[in-house]
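Residue numbers (my numbering), protein chains in the order written: chain A, 1 to 128; chain B, 1 to 128.
Among the clues, some could well be false.
Identical copies go unnamed one by one, so any copy, or any two together, can satisfy a pair.
[Unchecked claim] In silico lysine-lysine, DSS-like type, Cα no more than 27 Å apart, as pairs:
#: 1; residue 1: 72; residue 2: 86
#: 2; residue 1: 123; residue 2: 6
#: 3; residue 1: 11; residue 2: 86
#: 4; residue 1: 86; residue 2: 6
#: 5; residue 1: 72; residue 2: 6
#: 6; residue 1: 123; residue 2: 72
Hints were generated in silico from the structure; no laboratory data involved.
Chain residues, written in single-letter form:
Protein chains: 2
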Amino acid sequence: MDADIKLDFAKMGGLLPAIVQDSATGEVLMLAFMDEEAWARTVATGEAHFYSRSRRTLWHKGATSGHVQRVKEIYLDCDADAVLLKVEQAGGAACHTGYRSCFYRRRRGDAWEVVGARIFDPKEVYGG
Amino acid sequence: MDADIKLDFAKMGGLLPAIVQDSATGEVLMLAFMDEEAWARTVATGEAHFYSRSRRTLWHKGATSGHVQRVKEIYLDCDADAVLLKVEQAGGAACHTGYRSCFYRRRRGDAWEVVGARIFDPKEVYGG
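Here chain A stands alone, though its shape is the one from the complex (with noise of 0.2 Å):
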């Protein structure tokens, strides 16, 4: 057990790439990063927060769309540069764009193929 481990925010000027992972399923869902606010946010609710780089501010995952992630382990990597969150996806989408996973598409030659499942349209959820 080691208490001490400090993260290193200051590689990325201040944010830290986040992995988040389907509990469940082990499916990479997003990529996203967190400040020192939304690290400590996560931690204290148990539900994921980011730093939204084109909003610059403090992101609630779900805060709009009810798709919170409910974390349920968190994971530090060898360089303490990178967090891996384990989470439960309310709602089943985790993409603004209604997909499960925000990487739902897939090279195949030179281009990339939508593979990913829709669970619902943005339109409803956020608006048209």
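Given chain A, work out where chain B should sit, using these hints.
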């Protein structure tokens, strides 16, 4: 099929985060970064290449250790600013510390607990 999706290397100043997942077990092995050259080499050779931020150079994963990653599938995320590689990990370990996955520590209370499997001794692979 969409052949025209351009990967967004600009968002992180020339780098794209790449999640590496074991294609057989679904275990997340590591997170690294690719520049355009690393991406092109990965696609051309079928083995994972990254950009080493510490060494500031192209990094053919496993070139020193022999622990190359044979790419079975590549996925692209919704914003085209992250990729997911499903790989076959030569030697059974992705991490330079000898663990199967770089994410070998799990959070427990306020501390981190080593839960990963150590596959090799780094001194034997990289020298003392």
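Evaluation of the provided hints:
no., hint, result
1, 72 x 86, "both (6 Å within a copy, 23 Å between copies)"
2, 123 x 6, "between (41 Å within a copy, 25 Å between copies)"
3, 11 x 86, "both (23 Å within a copy, 26 Å between copies)"
4, 86 x 6, "within (20 Å within a copy, 29 Å between copies)"
5, 72 x 6, "within (21 Å within a copy, 34 Å between copies)"
6, 123 x 72, "neither (30 Å within a copy, 34 Å between copies)"
Violation of the numbered hints given earlier is confined to hint 6; every other hint is satisfied by the structure.
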